[in-house]
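4 protein chains.
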Amino acid sequence: MLVVMEAGAAPEQIEAVVRHIEKMGLKAHPIPGAHRTAIGITGHQRGKDPGIVETFPGVKEVIQVSQAYKLVSREAKPDDTIVSVGGVDVGGNGIIVVGGPCAVESLDQSRTIAEQIKLGGGQLFRGGAYKPRTSPYSFQGLGEPGLEILARVREEFDLPIVTEAIDETSLKLIEQYADCIQIGARNMQNFSLLKVAGKSRKPVLLKRGMSATLEELLLSAEYIMSEGNYNVMLCERGVRTFADHTRNTLDLSIVPAIKRITHLPILVDPSHGTGKRNKVLPMSRAAIAVGADGVLVEVHHKPEEALSDGPQAISPEVFEQLVREVDAIARVLGRTLQPALAAS
Amino acid sequence: MLVVMEAGAAPEQIEAVVRHIEKMGLKAHPIPGAHRTAIGITGHQRGKDPGIVETFPGVKEVIQVSQAYKLVSREAKPDDTIVSVGGVDVGGNGIIVVGGPCAVESLDQSRTIAEQIKLGGGQLFRGGAYKPRTSPYSFQGLGEPGLEILARVREEFDLPIVTEAIDETSLKLIEQYADCIQIGARNMQNFSLLKVAGKSRKPVLLKRGMSATLEELLLSAEYIMSEGNYNVMLCERGVRTFADHTRNTLDLSIVPAIKRITHLPILVDPSHGTGKRNKVLPMSRAAIAVGADGVLVEVHHKPEEALSDGPQAISPEVFEQLVREVDAIARVLGRTLQPALAAS
Amino acid sequence: MLVVMEAGAAPEQIEAVVRHIEKMGLKAHPIPGAHRTAIGITGHQRGKDPGIVETFPGVKEVIQVSQAYKLVSREAKPDDTIVSVGGVDVGGNGIIVVGGPCAVESLDQSRTIAEQIKLGGGQLFRGGAYKPRTSPYSFQGLGEPGLEILARVREEFDLPIVTEAIDETSLKLIEQYADCIQIGARNMQNFSLLKVAGKSRKPVLLKRGMSATLEELLLSAEYIMSEGNYNVMLCERGVRTFADHTRNTLDLSIVPAIKRITHLPILVDPSHGTGKRNKVLPMSRAAIAVGADGVLVEVHHKPEEALSDGPQAISPEVFEQLVREVDAIARVLGRTLQPALAAS
Amino acid sequence: MLVVMEAGAAPEQIEAVVRHIEKMGLKAHPIPGAHRTAIGITGHQRGKDPGIVETFPGVKEVIQVSQAYKLVSREAKPDDTIVSVGGVDVGGNGIIVVGGPCAVESLDQSRTIAEQIKLGGGQLFRGGAYKPRTSPYSFQGLGEPGLEILARVREEFDLPIVTEAIDETSLKLIEQYADCIQIGARNMQNFSLLKVAGKSRKPVLLKRGMSATLEELLLSAEYIMSEGNYNVMLCERGVRTFADHTRNTLDLSIVPAIKRITHLPILVDPSHGTGKRNKVLPMSRAAIAVGADGVLVEVHHKPEEALSDGPQAISPEVFEQLVREVDAIARVLGRTLQPALAAS
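Protein chains in written order, with numbering that gives the first Met the number 0: chain G, 0 to 343; chain L, 0 to 343; chain C, 0 to 343; chain U, 0 to 343.
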């Protein structure tokens, strides 16, 4: 932490800040400058917040220096984490494509789409049994019967299952039925839910909140890891900006930023990230080109009849093209598409 | 809903859209124009989403027209809702000032601050027993012992209590101990929690999410009301923007927008909304001047020792000045400060 | 400037940074910490940018500390600047209300509105002769004939004139005809135009850009002042965010931030800041309550026939009410409405 | 345009809106619905703005439908525009890489870097002679001597030159010395400058403003084209958001959006778009993968001594790698790197 004094700060004011910091058991390092003095602060800050000196007379600004995350950091673990989702590795040198409908609607619908995902070269199946919807009057998902459908799809097509938990009850059920617990953007800072996910032994896919900073995303991952679950994957799904040509602005530059700071895998969701079907294929290519470990895309065989988010779902034909193109781009980077599970 | 066709759309393309809409049981109203045709859609849209025609050939854009909220709307209830929080009316002609520490730290601390709130002219006491903190390593609140402290403060000072619930468990406890359940910004779209709050008989203070639109805030209120709890108060607490002179950008223009659309009371939280102590007093005045029904501010007698958010807490002296000034401004608008509860 | 080293930075890496900084003629102050080392940098940085060390091995981050603005700062001039616009003081203890149509359309229109502004208690008249319009096909203003109309209005009603310059040519003409040169939001970083304005002897009203930070606004003011024109007034007019209930999000918290850092007057424009007529009155009250030195509002006697921005113009009746209400709120803060110029 | 009436709007209110629209010479099409009536508006709207009916009693909202741009639209010209910059084609099936220092500092510096650009496979050279700097105290560019240096570099290395104009004077000089006029982000809505550029016969590279919508960018291009200059190239360079891990958020999804709506070429600038050297290579790959017609990157042989923006410049070695990688990715899309001009 660094305290910047005003240009005209009196020596007594500087001393008052130094004394207060030292009273907190920290060390103060005054750095006199041509125009003003800055004071560096070092030491453990457990409990008390030296930021309070911002309100002292003569203080211009207090600047945070060190990050609060630990377990997610490459400083804690230099090597890339590889998370196994039902036998499919996420992270490392392979890339993956996760596909499926926004919502599980029926066994027929899920089987039809899953077959296309498998044939098209996808490694994981994602579908929602619990749907966090902005309006209480929108379709909220099939609930546990939806999870049963997902479990049958996994058995039939050897596709491990990713599905979203929206509260403790649904998370406990998902642990039994599925291979990976998704925490959605709206729950990225539902810390109680993160703690429950941290006690699970299933891997967790954590999506970035709509206005979350990189640091907040990492601290939410830290919540899960600090409870003992180290199998965490991050996911960029677009942030909210003034731009109106897409539903959200997909922030691909977070991928290299994440790769630099943390060892966790990072996926990209261009379906929610753009909200427009015709942007999903090009943004998937871009996601792999920037270095993501995979993409999640919504696929529906009859998007015009989908119960939710139809306008952003791609067809099975486009899905197949997408897998081909992201594989080709991965090869430019010396990576390859992860093989799908063999039929059991 | 309005479908806008491309300039060169063929008659068959227009007809295909019309046919599809009518197949959904809705009514299509083509409006031929000089350059292009638009198609109005009317009728109930339960279940199916006509937005899917956006993907039809020849379609340029689909524009949403009608809102999904009902119970929160002035169309449903023209008169202002007045919510009673432990005997203090919120909404209507009176304005209120809610004060208290960010976190309940001890009985002593809470009593000291509560006494100042009462003396200074505040009507409600707010303090956090459960703190949703960005980092798992930050102080997370005292939990139930904190609620016990709050209950004692209410008895001693006749100050009804507002405190935040972060999950179902804490909400159930807060129902027993406090007078009003706060749902924080990070949980504004924790729909499971909103449904639980909707089944409570205690009033709910719902804070706007950091990147929530007005419509999303109202739909979250609709979640609570659609479960049967009509005692909902809204709260603006700043949104996330590129601006860096405050922690968030307090969006005061939402106050008249809310007053126009909904009958629910709207409060403003300038402490979280700015994150800077020296902005709390001026932004409180502005909040009342723009038409808010009250303000929530963080008060601490020793901010430099606060366990959380010290830099945004004001002193009891500034609190007293704040109550005087917002009262004077309310009078310009023909409103007055709500009287505090008399000592019992 | 502060250089933060990575946790595992080697002593040689730290030394390499220190050596490079000293080679630039600056002074390096290493601050060893429990986990990592930080290095404070002091001295004049003319020309070379020590930020380059961000790319050195072992460096985690470089943090800027000191601001680049000088003349605008309260450190340079502690007392409030009062700018005289054609005899009306802006800044200091008085507040002002500036009114007028978005665009000057005709002598009749301007006279009609100016009369209402004068009767309603406004101190300055603003109208656009040069209109920066998003589309090349929109009405672009009357140009010099519009300036002639404005000059006649000033003579007839004793209302000093504020009008916008969009390039060097229009600025030179405005200098001759008007009392104050407005630089619009879209030109806030048109540095060539700022330099020309800095050579003028007429006061300048500088509007904040749609996504400008406080520091950028102040540096644009610094451009004008560094050319010798110290009569600069700042103006908040809303920033661009994801919020969609208003055209822009009016950021009132910048008013106390500006008052703290700079001695220049700050006005607020709730007409452009919200884009909605029904928000202009409440946001004007809020602007004065937060401490602004005045408001600028668009007034039109027949908004439905206005050639630009009709939906945000208020009627002369609402203008009169607005002047009354902001005056009443100013009095709560111990300020008063500046008297208008007496008829000459 | 669509007018949405309130649920309880009276028939007289609906009629008043219809009558007003027809008085303006437009056609009104009322669409009665289950809950409310909407009114479609068609016809030419030259001069008058029907948006004014938003203020009529009973009106809930007015929704814009048709875009104001014409010449930039694919509806006006279905085929891709290919712009020749000094003999190098931009747009079409080839992709290009533009490189150079942020600022021209000396003949030596420019020659050294240009040689590396040429050897590394770049097609165009960009360097700034006029630098729009946030602070008046920062290095503002060499001016005309910088243009002379650029002209010599072109002759020596057969690299056509792109350089930024900041006002009419610099634009006129650039027309003589260079092959392409860049209009920077800060001047995207400097409409006077756009008109001057529209009268030039040199191609124009127009960068998106920091908070510009897609429509605003296209309308600024329309300003240039409506003056007769059809050789316009667009450039995405990042927008301003709350995210803080990069200087701006590069919005790659605008590339497919632009390709859909307009026939103009679109380039991407990952150097300004991220502000971080280590993001330039991955974001360049992503830009080509999403479908951009080329990238602009800052290159410096000694970034630690650069007079501006050193931390975002890449080394000649990374530049060479970048050209190789974007070429490989272009091939996945069936495109190729445009050949550089042969030595003359």
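Treat each hint with caution, since some may be false.
Which copy? The list can't say, so a pair holds if one copy fits it or any two copies do.
[What the hints assert, rightly or not] Below 20 angstroms or equal to it, Euclidean Cα-Cα: the simulated SDA-like pairs (lysine to any residue) are: (1) Lys258 <-> Ser307; (2) Lys258 <-> Val58; (3) Lys301 <-> Val331; (4) Lys301 <-> Ala15; (5) Lys171 <-> Leu332; (6) Lys194 <-> Gly57; (7) Lys198 <-> Thr168; (8) Lys301 <-> His19; (9) Lys201 <-> Pro31; (10) Lys117 <-> Asp157; (11) Lys69 <-> Thr133; (12) Lys198 <-> Glu74; (13) Lys194 <-> Glu167; (14) Lys258 <-> Pro56; (15) Lys194 <-> Arg18; (16) Lys198 <-> Glu167; (17) Lys194 <-> Thr168; (18) Lys26 <-> Gly333.
It should be emphasised that the hints constitute simulated quantities derived from the structure, not laboratory data.
Item checked: Intra/inter-copy verdict for Lys258 and Pro56 if alpha-carbon distance must be at most 20 angstroms -> For Lys258 and Pro56, the Cα distance is within 20 angstroms only across copies (17 angstroms; inside one copy 41 angstroms).
Next item on the list: Indicate which option fits the pair Lys198, Thr168 if close means a Cα-Cα distance not exceeding 20 angstroms: within, between, both or neither.
Entry: This pair counts as both: shortest intra-copy Cα distance 14 angstroms, inter-copy 17 angstroms.
Next item on the list: State whether the alpha carbon distance between Lys198 and Glu167 is at most 20 angstroms within one copy, between copies, both, or neither.
Entry: Both, since 11 angstroms and 18 angstroms are each at most 20 angstroms.
Margin query: Treating 20 angstroms as the Cα threshold, decide for Lys198 and Glu74: within, between, both or neither.
Written below: Answer is neither: 24 angstroms inside a copy and 46 angstroms across each miss the 20 angstroms cutoff.
Next item on the list: First find the shortest C-alpha distance between Lys69 and Thr133 inside one copy, then the shortest across copies, and answer within, between, both or neither for a cut-off of 20 angstroms.
Entry: between (34 angstroms within a copy, 14 angstroms between copies)
Check: When no copy is named, should Lys194 and Arg18 be tagged within, between, both, or neither for a Cα gap of at most 20 angstroms?
Finding: neither (38 angstroms within a copy, 46 angstroms between copies)
Next item on the list: Up to 20 angstroms between alpha-carbons, please classify Lys117 paired with Asp157: within, between, both or neither.
Entry: Within one copy only: 8 angstroms inside, 51 angstroms across.
Notebook entry, point to check: Checking Lys194 and Glu167: alpha-carbon separation at most 20 angstroms within a copy, between copies, both or neither?
Noted result: Classified as both; 10 angstroms inside a copy, 14 angstroms across copies.
Notebook entry, point to check: 20 angstroms Cα cut-off: does Lys194 pair with Thr168 within a copy, between copies, both or neither?
Noted result: Answer is both; intra-copy 13 angstroms and inter-copy 14 angstroms each pass.
Next item on the list: First find the shortest C-alpha distance between Lys26 and Gly333 inside one copy, then the shortest across copies, and answer within, between, both or neither for a cut-off of 20 angstroms.
Entry: neither (48 angstroms within a copy, 44 angstroms between copies)
Next item on the list: At 20 angstroms max between alpha carbons, let me know whether Lys301 reaches Ala15 within a copy, between copies, both or neither.
Entry: between (69 angstroms within a copy, 16 angstroms between copies)
Next item on the list: Indicate which option fits the pair Lys171, Leu332 if close means a Cα-Cα distance not exceeding 20 angstroms: within, between, both or neither.
Entry: neither (39 angstroms within a copy, 44 angstroms between copies)
Violated hints, listed in ascending order, are 1, 3, 5, 6, 9, 12, 15 and 18; each of the other numbered hints is respected by the structure.
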